[in-house]
Structure formats: C-alpha cells, structure tokens
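Visitor: Generate coordinates for the entire structure from the input sequences, incorporating the hints supplied.
Heads up: the sequence shown at position 101 corresponds to 101 in our numbering, and the numbers run straight through without jumps.
Since the hints were derived computationally from the structure, they do not count as laboratory data. Take the hints with a grain of salt, since some may be wrong.
Each pair of labels, with its calculated beta carbon distance range [what the hints assert, rightly or not]:
(1) GLY187 / GLU105: 31 to 39 Å
(2) ARG260 / GLU229: 28 to 36 Å
(3) VAL433 / GLY349: 25 to 33 Å
(4) ARG185 / ALA142: 31 to 39 Å
(5) ALA142 / ARG212: 31 to 39 Å
(6) VAL333 / ARG155: 38 to 46 Å
(7) ALA142 / VAL362: 34 to 42 Å
(8) ARG260 / GLU126: 31 to 39 Å
(9) GLY100 / GLY163: 19 to 27 Å
(10) VAL362 / ILE170: 39 to 47 Å
(11) ASP124 / ALA199: 28 to 36 Å
(12) ARG200 / ALA142: 29 to 37 Å
(13) ASP225 / GLY349: 22 to 30 Å
(14) ARG429 / ASP124: 40 to 48 Å
Note that the coordinates shown come from a computational prediction; the quantities given were computed from them, not determined experimentally. Just so it is clear, CB atoms sit at the ideal spot from N, CA and C, and this is done for glycine as well.
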Amino acid sequence: MAQIVGGGRPVNDAERRVIAHLRDNAPGDWLLLHNIEVPRDDDVFEVDLVVLTGHSLCVIDVKGTRGRIEVSGTRWFPARRSAFGSPVSKLRGNGRALKGVLVRERGELDRVYVDSVVVLTGPDAELVDPAGRDSRHVTDLAGLIGTLSDASRVRRGYTTDVGPYRTAIIEALNGSVRRSTTPPRFGNWEVEEELGGDARVTEYRAVNATVRGGETVLLRVYRADPLAEEGPREAERRLITNAYQSLTRIPPHPCVVRSRDFFAVDDESRFVLVLDDVHGQALHLHLPSRPGRHALPPRARLAVVEDMLHGLAHVHANNVIHRALTPACVLVVEGGHAMLTGFDYAKPGTRLHTVANELPNVLDTHYVAPECQARPDLMTTASDVYAAGVIAFQLLTGSLPPAGPDAEPAAGAEAADGVAPEVMDLLRRMRDVTPAKRPSAAEALTALLRARDGLSPVPPQFAAPIPPQFAAPVPADPAPEPSAQREPGRLDRFRKVFRRISGND
1 MAQIVGGGRP VNDAERRVIA HLRDNAPGDW LLLHNIEVPR DDDVFEVDLV VLTGHSLCVI
61 DVKGTRGRIE VSGTRWFPAR RSAFGSPVSK LRGNGRALKG VLVRERGELD RVYVDSVVVL
121 TGPDAELVDP AGRDSRHVTD LAGLIGTLSD ASRVRRGYTT DVGPYRTAII EALNGSVRRS
181 TTPPRFGNWE VEEELGGDAR VTEYRAVNAT VRGGETVLLR VYRADPLAEE GPREAERRLI
241 TNAYQSLTRI PPHPCVVRSR DFFAVDDESR FVLVLDDVHG QALHLHLPSR PGRHALPPRA
301 RLAVVEDMLH GLAHVHANNV IHRALTPACV LVVEGGHAML TGFDYAKPGT RLHTVANELP
361 NVLDTHYVAP ECQARPDLMT TASDVYAAGV IAFQLLTGSL PPAGPDAEPA AGAEAADGVA
421 PEVMDLLRRM RDVTPAKRPS AAEALTALLR ARDGLSPVPP QFAAPIPPQF AAPVPADPAP
481 EPSAQREPGR LDRFRKVFRR ISGND
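Guide: Spelled out as structure tokens, the structure:
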C-alpha cells in the first residue's frame, strides 16, 4: 500500500479512483501527493497527482474521457465530444517546470528523472495514435502501476535509483508546492474537468457554481503576461479577444457554436471564453479511413455539408471570415447535425489591427486556398469557401481532392456512392483557383440543396433569392456627392434618357 503524504481535494470521481487505486495497490515505498499547485514564474499550474517511485518522480494527469480517442498532430479527437489540445504536450511541459522548481530548491535533484503519464479512467477508453507521439505517455487504470514500475522509461543520463534523493525530493516539494484546496474556478464557473491545452490556452468543462446540477459549459482559458510591456501586452490581448469579438458579431444560429461570455481574471493573467458545451465530435472522426469506407451514410454526409454551408453563409452574412476552417472546426452532434467552431483566428469585419501573422502557425495547408498559401493575410470569404469545398470533397469521396479542380480525381472518387454529379461539379467550383469564380457560401448552399432535391442547376442570374438569414449584409448607401446635391434634377433627367433608350418611355 502506497503512502499518501498530502494533497488537496480531488476534483472528480476519476481522480478519486486513481488515487485509491495507487494507495491500495502500489508498492509500499511509493509516495503519493495529489491535487497540488506548483509555482511557475509569476503563475501556478495544477497537478492531479505526483508519484515518487523507486526510480523517478512522475507527474500524472487524470482524464475521464470515454470511448475511442484519435490523436492527430497536437489535438485529441474523442468519440463523444469536441476535440481538445493534447494533454500529453501540456503535462510534459508541467513536468519540466516541476523539475526546474526542484532543482532550484536542491541542486542535486538534477539527477532525478521527472516522468509524465496521462491516465484514461473510462472503462472503454482507447487511444489511437498512428504517429506514436503521445501513446508512450498514456495508460489506463489497469496498466498504471505497470507503467510507473517500468524503470526503462528513465532517460539516459539520469539515475534509476532515487533512494538517496528521497529526503531532498520531499523537502523540495514541501518548500515549493501547495495544496489545492478547491477546484479551479473562473468567475462563476467551477471546473469539473480539465480537457487539455497547450502553453497558450487550456480547455475545461465547467458548471455554474451557484446552480448545482445545471448544464455544463466549455471554458477556453487563455494565459497572458500581465507584466509585459504595453506593446507586446496589447498584441497579446488582441489575439486572445479575437474569438469573442468574432462570435459577438454573429447572431445565434443552430450551425454555429455560441459564445456565452468573455472576461479576465483580476490581474489579467488569464482571459476566459465561455462557450456552449456542444456534445458532439469533430468531423475529423467521420472522415473515411480510406476511399470507399465511410463513417456516415450518403444522406448524412450531405446533411453535414449542408449544415457547414448554412453556418458559413451565416458567418459571412455577418461580415466575419473564419480563416482556419478544417474538419477539426466542424462538430457533428447527435442526429448528424453539424456546427462551426474554432474562431480564434477569424476576422470580424474591418479593424485597425490583425492577427493574421499568427495564422502560419496553425493552418493546415490542405485546406488553404492557392492564393493564400504564401499570404494568409489575403484570406477572404472566397478562401473559406475553398476550405469548405476541400472538406466536403474529403467527406463525400473519402480522399483529399486532386491538386487542381480541373485535374482528374483519384480512382473511384467520382463514383462515390450517393454523390450526384451536380454535387461534384459544385465542389470543383468551390475549389476554383480563381477566387472570383468560386460561388459564395450562400450560393453553394442553394446549389447543394437543388442537387440534393434532384433539381437542375440554374444560372446565377435566374437563381432563387437567397434566404434573408444567409444573405450578405447590404452596405449603407454612401452620402450623395456634392455635385448631385447641387443638381437636384440630374437623376430625373438620367431616368428619362434611360427610358427613351430602352423604349419604355
């Protein structure tokens, strides 16, 4: 039975299960410290569990995520909820920060290896990590003690016997960490589960602290440096507030994730974006694993494309450009309904500043229009339509589109079951190399609905009117020029000439 040497209150049942499992089953010489806060520069980070084994000190993060979880790049795509940043990346960073704290307290602890492990407690949790980048640091409850007992995890150059350092480790921990007495709380929102994140933003599921048993929300908590100089601090603030500014321009719509609130903590070291907790999963998980193998039936795939265009048309009609549209930004909820999210780098109308310089760090080039590959700052509604065309092609055919819209598609792509030729032609037009030749999102939606209903496409000049909720906003008429004000009869004379020429006089 391992020894619990201290800690705060566990946040949820998943953490309680892990602590109890180690207490009851781990070797008697292991030491456990749970729910603590560790200082880092002028801030602190939270650690679910620290375990001192015979060969290392391990930082543990507990995740109650259930079902299949696919790893793609730096994000996790669970089967029953939206994607979130890899907890492995963040945990390893926390482990390095803890090591730095220990070494500052006691220099000889430089020889001790600080490991990091994410524990999946869901009984049916399964991590699918094709690249193998995260899986080494992930285990389930049954495999936890075996993982922590594996001395081969200690990297070369570190000691595999921490016995001589136990006292120094305990003293350094006692002198630097503190017990977390309550679950993290931001404003009126109390954290129920940390989902993941990176050095810039952490994602949480939270509940209203004054309404127990109420619905949950998603919190995106952005870190900021309150001590930075005015210039860098203002640039950081603009980037952090961008998603909220974009979403506030967009009226509520069933195909766009809704923002509820945005606020800063007292010292402005963190900014909190509150979003609806959409119980869905990223479209990334519905993309076929290979051509011909589809996760959704044909009509459901078309419905997802339809909802994506509904949402995009609504976003554009309110003068917002998404700019980073990928399958990770399209959430599929129960019943096959789809919603747009991921507005961190959107452009909400005309403004004096830009966050476009951050786009090269986050864009997936497969979904970037040709004219924006080298110039992300040139993104427009047309480049959003291009990205939507690539996503739709990938969802409907099972593969990414060919290099150019006029190139021959991959074998079998055009013959995708249930996909009408008119739809494939629409997707080609959405991916035209010339931005001006692409339809708007509203026009693409109209064409898709006609193709779905078996109606022939109509030329744009004879197309049915766009529904008002998807129509582009009509700019206000400019003030009349001074010359027009000086000649009040000029417009009437022009109308008479026009009627005479057209024979309608």
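Visitor: Now tell me if each hint is right for this structure.
Guide: Structure-based check of all given hints:
Against the hinted window of 31 to 39 Å, the Cβ-Cβ separation of GLY187 and GLU105 comes to about 34 Å, which satisfies the hint. For ARG260 paired with GLU229, a C-beta distance near 32 Å keeps the hint of 28 to 36 Å intact. With their beta carbons about 27 Å apart, VAL433 and GLY349 fall inside the hinted range of 25 to 33 Å. For ARG185 paired with ALA142, a C-beta distance near 33 Å keeps the hint of 31 to 39 Å intact.
Restraint check, ALA142 to ARG212: a C-beta distance of roughly 32 Å satisfies the suggested window 31 to 39 Å. For the pair VAL333 and ARG155, the supplied restraint of 38 to 46 Å holds, since their beta-carbon distance comes to about 43 Å. Separated by about 36 Å at the C-beta atoms, ALA142 and VAL362 satisfy the suggested range of 34 to 42 Å. At about 32 Å, the beta-carbon gap between ARG260 and GLU126 stays in the expected band of 31 to 39 Å.
The hinted range of 19 to 27 Å is satisfied by GLY100 and GLY163, whose Cβ atoms lie roughly 23 Å apart. Evaluation of the 39 to 47 Å hint for VAL362 and ILE170 yields a pass: the beta carbon distance comes to about 42 Å. At about 31 Å, the beta-carbon gap between ASP124 and ALA199 stays in the expected band of 28 to 36 Å. For the pair ARG200 and ALA142, the beta carbons lie near 34 Å from each other, so the given range of 29 to 37 Å is met.
At roughly 28 Å, the beta-carbon separation of ASP225 and GLY349 lies within the given 22 to 30 Å, and the hint holds. Look at ARG429 against ASP124: about 43 Å separates their beta carbons, and that is inside 40 to 48 Å.
Every hint, counting from the list given before, is met by this structure.
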